[in-house]
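Protein chains: 2
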Amino acid sequence: MKIGFEVLGEDGATRARRGRLHTLHGTVETPVFMPVGTQATVKGVTPAQLHELGVEILLSNTYHLYLRPGPEVVHALGGLHKMMGWDRAILTDSGGFQVFSLRDLSKIDEHGVTFASHLDGSRHLLTPEKSIAIQETLGSDVIMAFDHCPPGQAPVPEVRAAMERTARWARRCIDARTNDRYQLFGIVQGGIDLDLRRASLADLTALPFDGYALGGLSVGESRAATWSTIAAVTPTMPVDKARYLMGVGTPEDLLVSVAHGVDMFDCVLPTRNARNGRLLTADGDLNIRNLKHRTDDRPIDAACACYTCRNFSRGYLRHLSKANEILFATLASLHNLHYLLDLMRGARAALDAGTFASYRAEHLLRRGVDPDDPTRQASSTPPRAAEV
Amino acid sequence: MKIGFEVLGEDGATRARRGRLHTLHGTVETPVFMPVGTQATVKGVTPAQLHELGVEILLSNTYHLYLRPGPEVVHALGGLHKMMGWDRAILTDSGGFQVFSLRDLSKIDEHGVTFASHLDGSRHLLTPEKSIAIQETLGSDVIMAFDHCPPGQAPVPEVRAAMERTARWARRCIDARTNDRYQLFGIVQGGIDLDLRRASLADLTALPFDGYALGGLSVGESRAATWSTIAAVTPTMPVDKARYLMGVGTPEDLLVSVAHGVDMFDCVLPTRNARNGRLLTADGDLNIRNLKHRTDDRPIDAACACYTCRNFSRGYLRHLSKANEILFATLASLHNLHYLLDLMRGARAALDAGTFASYRAEHLLRRGVDPDDPTRQASSTPPRAAEV
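Top to bottom, those sequences are chains D and R.
Numbered according to this note's numbering, the first sequence spans residues 50 to 437.
Numbered according to this note's numbering, the second sequence spans residues 50 to 437.
The set of hints was computed from the structure by calculation and includes no laboratory data.
Treat the hints with care, since some could be wrong.
Repeated chains share a single entry, so a pair holds when one copy, or any two copies, can fit it.
Using 30 Å as the maximum straight-line C-alpha spacing, the simulated DSS-like pairs for lysine-lysine come out as follows [to be verified]:
1) K92 / K179
2) K51 / K131
3) K371 / K131
4) K371 / K92
5) K179 / K341
6) K51 / K179
7) K341 / K92
8) K131 / K341
9) K179 / K371
10) K131 / K92
11) K131 / K290
Could you build all of it, start to finish, from the sequences and the hints given here?
Structure follows, in C-alpha cells:
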C-alpha cells in the first residue's frame, strides 16, 4: 500500500469519516488521537506500553529535538524511530508553534524566526527550509509545514499577516521537500476569523500538500469559538485529504470535532493532566489527590480495561501521587492515554456500525455535556465523577 | 510446602549455599537480591516489569509506610500485596534502621524510639511491639525484628549497649507475634567488633527466629571491615536458617558475601544509581551522562538481555537523562535491576553446577577486582567500562 490517506466511509448523520493513514511505519486507523512525545518520549511510558495501548502514531517535536539532542545526534542514532525504539508512525510538529510561543524571544521576518533556546539562551534561526530539513533528518512519517502561529487574542491585521506569511512559507516548505517517504501537511491559520480561515485554506489547497491541519486553535479563544471555527472550516476542506486538528484534546473536543470530520488529534492533556493527578473517566474527571480517595479500593474506572485500572486502587494511586513517586506518572498516564485511545477506538467502531451520532451523544452526556450544544452542561445528567 | 527456609546444597570450594525461601506468596530461589520498594513501589518500575525481571521477592519499609499512607490505609486497601499489585513475596524492614538514621530527631529509651516524621515533623513512637503489629497489618512474608542500629563510627560501649538492647527487643518481637503466616528474622548487631557480633548472634539464636540478618554493616565502616566481619560471623550462624545481609548491594559485595554463605540481600543502589545515570555492567560502571555517549548507538551492554539493552542506545539514554525525562529512571532502573538479578541467577546456576568459585572470580575480575583480595583492584585487568 502506498503512503497516503484513504477515506473508508462517511457517516450519514454527522460529517464524521472513517479513514486510514498509510505510512512506511504501518497504517493508522482514523479518527485517531496521537499521544505526544515532545522530547522523543511519551513522558513516563515505554514503547512496549504504547504498543499495549494500541498506539499506531505518536507526535514528536522539531523545536525540542533540534535543541536537544540535536538532529545530528538523532541521525547518528539511526533516526527518530530507531533512537526511541518506536517502529510505528511518527508525526513531527514543525517548531512553528513553539518558537512563536517564546514571547520576547523571537525576531520574526520573512526569512524565518530567530529565537533564544529555552534551555540555555543560545540564539537559533528556524526557517521553512530548515524545519523541513530537520524533520527529514528525524525521519518522520508526517511532516508539518513551518507556519506563523499568532497568539489567540491577536488583532485581525496581525492574524491576517500571519496567515499570509504561512501561505508563503508553505510554498517554501513544498519546495524544500527532497523525497516522498513521508506525507507533508499544510497548516491552516486565520484564528477565529472565518474569512481569513477560508482564505488560508484556499492558499494551501492550491499547493500539493498530502493533508491539512487546523493550527492556531485552542490558543486562548473560547471553546465556543474553537468549535464554531472547526464547524465552519471543515466542510470546505478537501474530502480526500487527512484533516488534523492540532493541540486539541479534551474528550469533548474529540467527540465534537470528529463529528465535524476531523481525522487526527494530538494533545499533551492526557499525560500532563495525569502527572498532576487529574484522571479522565467516561463520567467526568477526578482529582486523585483528593482526601476522599484515601482508602478507596476501587479502580479509577471499574469499566476501564487499562493496566492501571486492572491492577491498582484509587487509594494506592493517591498514595503514589502524594509521595511523588515516579510510578504515579506512569500509571496515571497509561490510564489517561488508554481512555482517549479507547474513546477513539469506540468512535471508529461506531462509525463502522453506523451508530456514531448516538455514540457521540451518549459520551457527551456521560461527561455532563449537552450533546445538542456541547458548550453547555447537560441539564439532566450532572457528571457522576466530575469534581476537579 | 510449608513456609520456611530450605538449604538445597552447599558449595565445595566456598561457603556459598543454594536455598529456597518458601512463603505464602511463592518460593524464592536463593541467593537472592531483593529490589527495594521503600514507599510500596520500586521507583519507576511497574509490578509487570518486576515480573519480567524475574523478581520473586522485594523489600518495603515499615517506617515509610507507617508515616504514609499509614497502616490503616494499607489495611483498607487489602494489605501491602494487594495495594501495590504484587503477588510475590515481600520482606519489610522494621523501621529500626530508619528511625536511628534520623539524627537529632530520636529519643531512645528501653520502651522504644520517639521520633519526628521527616515528612511533617509530627511526633511518633515506634516500639518492638508496634513494629511487629504494623508489619503484620502490612501482611509481609518476612518481618524484621525492631533493632537498635548504632552509627557506623559509634564507640564500642555504644555499640555494645545497642547490641544488648537489640537482644531484649528481639525477645519482645517474638512475644508480639500473633500468627505464623510469615517468617520473623532477628537482626544481629555489634558493628565490626567480632566479640560483640558473636555475643549478639548467641543472644538471637537462643530465640526462635526463622532467619537471621546482619544489620549495622555498610553504615560508614571500610569495605574491608564489612567483609571481614561477614567472613567472621557467617560461619557461626545457624546453617538451617536464612542469612540476610541488610542494605548491601554492590556487585562485589554480593559475590564476596555469597561466598561467605549469605542468602539474601537488598539495596537501593541499583535504582538510586540508575536515576543518577550510573549504570552497572559486568565490566564496570558507566556514567551515561558523559559526553562521550552522545552519539553512541550501542546498548549499555551488548551482552545484556534486559528490555533497555534490547531496545535503546547509550546515546538515547543519555538524551533522556539530560532532558530529565521520567522514562530515563524507568529504563535505567530496569537495566540495573536486571544486572544484579542476573548476577544472582548466574550465581545460583553456578552453585547448581558446582562452578561458583570460578564464577565469583571471573565476575570480580571483569569488574576490575582482585578475586584473591576483593578489597584491591585487579592488577592485570583494568575494568574496561569503569569510568565513574
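Now for the hints, and whether the structure bears them out:
1. Only within a single protomer do K92 and K179 lie at most 30 Å apart by alpha-carbon distance; the minimum there is 27 Å, versus 40 Å between protomers.
2. Taking the shortest alpha-carbon separations for K51 and K131, only the intra-copy value of 22 Å comes in at or below 30 Å, while the best inter-copy value is 49 Å.
3. Taking the shortest alpha-carbon separations for K371 and K131, only the inter-copy value of 19 Å comes in at or below 30 Å, while the best intra-copy value is 36 Å.
4. In this assembly of identical chains, the alpha carbons of K371 and K92 lie at most 30 Å apart whether taken from the same copy (19 Å) or from different copies (14 Å).
5. With identical chains, the CA atoms of K179 and K341 are at most 30 Å apart between copies only, with a shortest distance of 27 Å across copies and 52 Å within one.
6. In this assembly of identical chains, K51 and K179 lie within 30 Å of each other by CA distance solely inside one copy; the values are 27 Å within and 69 Å between copies.
7. Taking identical chains as interchangeable, the C-alpha atoms of K341 and K92 lie at most 30 Å apart whether they share a chain (27 Å) or sit on different chains (25 Å).
8. Proximity of K131 to K341 under the C-alpha cut-off of 30 Å is restricted to the inter-copy arrangement: shortest distance 20 Å between copies versus 44 Å within a copy.
9. With identical chains, the CA atoms of K179 and K371 are at most 30 Å apart between copies only, with a shortest distance of 25 Å across copies and 44 Å within one.
10. Taking CA atoms no more than 30 Å apart as the test, K131 paired with K92 passes in both settings, with 18 Å inside one copy and 27 Å between copies.
11. In this assembly of identical chains, K131 and K290 lie within 30 Å of each other by CA distance solely inside one copy; the values are 28 Å within and 49 Å between copies.
Violated hints for the displayed structure: none, as all numbered hints are satisfied.
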